[in-house]
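Undergrad: Sequence:
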Amino acid sequence: DKREFIKKEINSLIAKLFGLWVAEGSVAGGKIIFSLGIHEEKIGLEILKIAKEELGINGYFSKKEKTNTLYSTKT
1498 DKREFIKKEI NSLIAKLFGL WVAEGSVAGG KIIFSLGIHE EKIGLEILKI AKEELGINGY
1558 FSKKEKTNTL YSTKT
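Whatever position you read off the sequence shown (first residue = 1), add 1497 for our numbering.
Incorrect hints may have been included.
Stated by the list, open to error - Ranges of calculated distance between the beta carbons of each label pair, as one might list FRET restraints: (1) Lys1549 <-> Gly1526: 20 to 28 Å; (2) Lys1499 <-> Glu1562: 33 to 41 Å; (3) Lys1560 <-> Gly1526: 14 to 22 Å; (4) Lys1563 <-> Ile1507: 33 to 41 Å.
Unchecked claim - List of simulated lysine-lysine pairs, DSSO-like, C-alpha gap at most 30 Å: (5) Lys1539 <-> Lys1505; (6) Lys1499 <-> Lys1528; (7) Lys1539 <-> Lys1513; (8) Lys1528 <-> Lys1546; (9) Lys1528 <-> Lys1549; (10) Lys1505 <-> Lys1549; (11) Lys1549 <-> Lys1513; (12) Lys1504 <-> Lys1549; (13) Lys1539 <-> Lys1561; (14) Lys1549 <-> Lys1563; (15) Lys1528 <-> Lys1560.
Rather than coming from a laboratory, the hints here were simulated on the basis of the structure. If you're wondering where the values come from, they're calculated on a predicted model, not measured in any experiment. All C-beta atoms in this analysis are idealised placements derived from N, C-alpha and C, irrespective of residue type, glycine included.
Assemble the whole structure, with the sequences as input and the hints as a guide.
TA: And the structure:
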């Protein structure tokens, strides 16, 4: 088992990130994925910022114009 656990108090930013994940998130191929509409880039940037600052998780976006989706995945 190679899972890593982060021991951290849940604050309002982490709670917001978890709420966004419940609404827009999934896991596939060992990656954390947020599937957002292409028009939701501001939310995507906020997700990346909270993940980095609060949990030390880096991510990136992959824009898929054909499906009108903005993906954010853990690197």
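Undergrad: State for each hint whether it applies.
TA: These are the hints, each one checked on the structure:
{"no.": "1", "hint": "Lys1549 <-> Gly1526: 20 to 28 Å", "verdict": "holds, 21 Å"}
{"no.": "2", "hint": "Lys1499 <-> Glu1562: 33 to 41 Å", "verdict": "holds, 35 Å"}
{"no.": "3", "hint": "Lys1560 <-> Gly1526: 14 to 22 Å", "verdict": "holds, 19 Å"}
{"no.": "4", "hint": "Lys1563 <-> Ile1507: 33 to 41 Å", "verdict": "holds, 37 Å"}
{"no.": "5", "hint": "Lys1539 <-> Lys1505", "verdict": "holds, 26 Å"}
{"no.": "6", "hint": "Lys1499 <-> Lys1528", "verdict": "holds, 14 Å"}
{"no.": "7", "hint": "Lys1539 <-> Lys1513", "verdict": "holds, 14 Å"}
{"no.": "8", "hint": "Lys1528 <-> Lys1546", "verdict": "holds, 17 Å"}
{"no.": "9", "hint": "Lys1528 <-> Lys1549", "verdict": "holds, 15 Å"}
{"no.": "10", "hint": "Lys1505 <-> Lys1549", "verdict": "holds, 14 Å"}
{"no.": "11", "hint": "Lys1549 <-> Lys1513", "verdict": "holds, 14 Å"}
{"no.": "12", "hint": "Lys1504 <-> Lys1549", "verdict": "holds, 15 Å"}
{"no.": "13", "hint": "Lys1539 <-> Lys1561", "verdict": "holds, 16 Å"}
{"no.": "14", "hint": "Lys1549 <-> Lys1563", "verdict": "holds, 28 Å"}
{"no.": "15", "hint": "Lys1528 <-> Lys1560", "verdict": "holds, 16 Å"}
Comparing the model with each earlier hint shows no violations; every hint is respected.
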